[in-house]
Amino acid sequence: MKKLLLLGDEAIAQGALDAGISGAYGYPGTPSTEIVEYIQRNKEAIEKDIHRTWSANEKTALEETLGMSYAGKRVIVTMKHVGLNVAADPYMNSALTGANGGVIVAVADDPSMHSSQNEQDSRYYAKFALMPAFEPSNQQEAYEMPFLAFDISEKYHLPVLMRVTTRLSHSRAGVDRREILKENEKHLPKNPNQFMLLPAFARKKFKHLLAIQDDLVKESENSPFNKYTDGKDRSMGIIACGLAYNYLMENYDEGKCPYPVLKISQYPIPRKQVEKIISECDEILVLEEGMPLVEEMLKGFLKNQKIKGRLDGSLPRDGELNPQIVRKALKLPELPSLKIPQIVAGRPPALCVGCPHADTYKALKLLINKYGQGHVFSDIGCYTLGFLPPYQAINTCVDMGASISMAIGAADAGLFPAIATIGDSTFGHSGMTPLLDAVICKSNIVVIILDNDITAMTGMQESQVNGRIENICIGVGVEKEHIRVINPLPKNHEDNVKIIQEEINYNGVSVIIPRRPCIHVLKKRKK
Amino acid sequence: MKKDIILAGVGGQGILSIATIIGYAAIESGLNLKQAEVHGMSQRGGDVQSHLRISDKEIFSDLIPHGGADLILSVEPMEALRYMPYLTENGWFITNTTPFVNIPDYPDTNKLIDEIKSIKNNVAINADQIAKDLGSSRSMNMVMLGAASLFLDIPYDKLEEGIKFIFGRKGEKVVESNLKAMKAGKDFAKKNK
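Which chain is which? The protein sequence lines are A and B, in order.
Count the first sequence with numbering that gives the first Met the number 0 and you get residues 0 to 526, in order.
Count the second sequence with numbering that gives the first Met the number 0 and you get residues 0 to 192, in order.
Read the hints as simulated data drawn from the structure, not as lab findings.
We put the beta carbon where it would ideally sit given N, CA and C, even for glycine.
It is possible that some hints are incorrect.
What the hints assert, rightly or not - Just a few of them, taken from the derived set where beta-carbon distance is under 7 Å, the chain B residues facing chain A: (1) Glu36; (2) Asp55; (3) Phe59; (4) Asp61; (5) Leu80; (6) Thr97; (7) Val100; (8) Pro106; (9) Glu114.
Could you build all of it, start to finish, from the sequences and the hints given here?
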């Protein structure tokens with residue numbers, strides 16, 4: 000069969016499909032979005048009617064996943080690293096309920112924060128939950144891992160985590176497909192208590208989870224994805240995790256590294272191989288994309304000087320790796336290269352020409368000039384770019400939904416006006432619950448729901464609240480006369496300023512909905 | 000055979016189409032390929048780049064090392080210079096000269112061109128003008144692909160097949176104008192390299 004040219008994300012999707020999933024759940028988030036998107040447009044997935052609709056947020060997605068697993072089917076759930084924070088409650092508990100049909104929690108981390116508000120390493124979550132984790136180093140492994148991951152998930156009745164990072168998520172390479180597996184038959188858990196976490200059951204389940212840890216280590220020791228390659232020069236041994244393995248091999252002709260190398264792509268850490276490399280080599284360099292998880296465990300509180308990596312400065316403490324950073328840690332001479340000419344100016348991302356958010360921010364800016372800076376709490380999406388010149392219209396960006404909740408807290412502290420700006424999809428994700436808080440407390444806030452008809456930042460995914468925003472606000476208890484829909488166009492500028500001013504003047508919860516589709520949605524729909 | 004190519008531009012300028020066509024041609028020629036690209040926030044009018052690696056041997060890193068690129072191919076002059084650290088000593092620097100100005104402190108264009116002309120192996124090409132003269136201003140990126148085709152070590156007809164493959168759905172006319180644009184870019188580079 001011909002090789003498929005796939006992004007890392009797409010390879011995971013194709014692998015999950017071929018390993019027999021019946022559903023893919025998730026919420027869009029860079030760099031994870033393309034996993035579900037691929038399944039949404041894949042012909043075979045459509046024919047089989049694999050579930051492939053976006054969920055309202057990562058928590059609902061993970062719970063829906065557990066439901067499908069309960070019914071006996073294989074299922075994958077996808078999110079970005081901060082999405083796993085949102086889903087942390089069901090995720091942690093799923094280590095106790097375990098899985099019936101196999102479960103893969105696929106999480107894409109974004110070291111160096113290309114498109115994120117922080118950098119986290121989701122392998123810590125796997126360790127926290129005592130779950131196995133898989134970390135592919137290339138697209139072919141990203142494709143093959145779901146097969147083994149589902150087998151292990153079903154063998155131990157335990158969800159597994161699959162972790163990728165930006166550079167693999169968004170890099171393409173040729174992938175060979177394997178034989179396609181059938182979907183599982185629907186079947187309920189053999190043990191009717193399996194998904195029941197009353198304390199008496201949960202205690203037993205936790206003991207069971209602890210008891211199988213040694214078996215999970217053995218799985219890692221025997222994993223085809225963990226590989227020990229001997230080397231003649233034992234002055235150093237190298238442990239390279241996931242993608243970092245490539246940056247190591249890049250620095251040697253045809254990947255011929257003179258040192259012993261342990262590649263880790265399946266966790267818990269394979270004990271046998273780690274003990275071997277540590278006992279045989281004078282020094283150990285640990286290469287990890289993300290945070291120093293393996294390094295910290297090996298180094299320990301007593302700081303074993305033999306272990307080198309991000310903690311002793313051999314590698315930078317933060318940010319993603321690349322071939323030249325790893326080259327330096329290997330003490331190889333730098334390749335000759337030129338500097339960026341001084342004439343080159345920075346080109347940060349910006350709102351597109353004709354963006355509806357730009358018009359809303361222009362109106363808002365006038366009012367900010369009147370009340371002074373520091374009154375606008377914002378959220379996660381394209382509209383966060385409203386912080387930058389020429390708009391400088393917002394003051395905060397923390398996490399999905401925080402605009403409304405922070406406005407409430409600030410209003411409670413006496414800040415006036417307290418304004419929230421939040422996108423339509425973000426509102427559906429995590430804005431409805433704080434709005435309920437606001438209604439209950441009659442908070443004096445203005446919530447501006449920027450409705451551009453789509454989840455724009457991540458590349459045009461359907462928004463769950465499309466066509467439902469006013470009804471949701473009414474349902475939550477916002478007074479009808481203080482739900483105002485405006486059209487953010489230059490010609491409506493003065494009217495819009497007036498309406499925002501009126502709602503600032505109202506002492507209570509106001510919702511303003513500037514509604515105009517993203518210009519890219521319009522282009523896409525015309526095609 | 001090994002070609003490491005940095006593709007550069009501003010979000011929305013069409014560098015991913017260039018990457019897709021070269022990628023298609025490489026795979027059809029039986030070569031290995033890795034191509035890293037940028038999604039998400041930076042796509043909104045920010046600087047974007049793609050690392051395209053082609054080889055008949057195994058390719059490890061998805062990213063090209065500093066000092067490792069055989070080719071910088073840019074659809075925008077300032078963006079081309081941003082990736083100078085990637086270029087090898089004898090690498091080729093091929094750029095469009097039409098600036099994309101969406102920032103207040105965009106540098107003086109003449110100074111940019113002087114900087115570009117000072118690079119050892121450069122091809123500076125007004126691809127926007129050439130595309131416009133052909134009556135298809137949207138195929139500027141294909142003019143640039145044509146200019147690069149001389150340095151790719153991939154048969155030209157495979158690139159033509161790539162264009163047919165990705166623009167085929169849009170009809171014969173679109174395919175034709177893109178093929179013409181690529182040819183024009185190639186002819187220009189032949190005369191001016």
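### Message
Using the nearest Cβ pair, does B/Val100 come within less than 7 Å of chain A?
### Response
Since the shortest Cβ distance to chain A is 10 Å, the answer is violated.
### Task
Go through the hint on B/Glu36 and say holds or violated, using the shortest Cβ distance to chain A against 7 Å.
holds (5 Å)
### Task
Closer than 7 Å between Cβ atoms is the bar; does B/Asp61 clear it against chain A? Give me holds or violated.
holds (4 Å)
### Message
Using the nearest Cβ pair, does B/Thr97 come within less than 7 Å of chain A?
### Response
violated (15 Å)
### Task
Verify the interface restraint on B/Leu80: the C-beta must sit less than 7 Å from at least one C-beta of chain A.
holds (5 Å)
### Query
Does the nearest C-beta of chain A fall within a distance shorter than 7 Å of the C-beta of B/Pro106?
holds (5 Å)
### Message
Does B/Asp55 hold up as a contact with chain A if the rule is Cβ-Cβ below 7 Å?
### Response
violated (12 Å)
### Message
Given B/Glu114 as an interface hint, is its Cβ closer than 7 Å to any Cβ of chain A?
### Response
With a minimum Cβ separation of about 5 Å from chain A (threshold 7 Å), the hint on B/Glu114 holds.
#### Entry: Interface hint for B/Phe59, Cβ within 7 Å of any Cβ on chain A
With Cβ-Cβ at 4 Å, under 7 Å, it holds.
Consistency with the previously given hints fails for numbers 2, 6, 7, ordered from lowest to highest.
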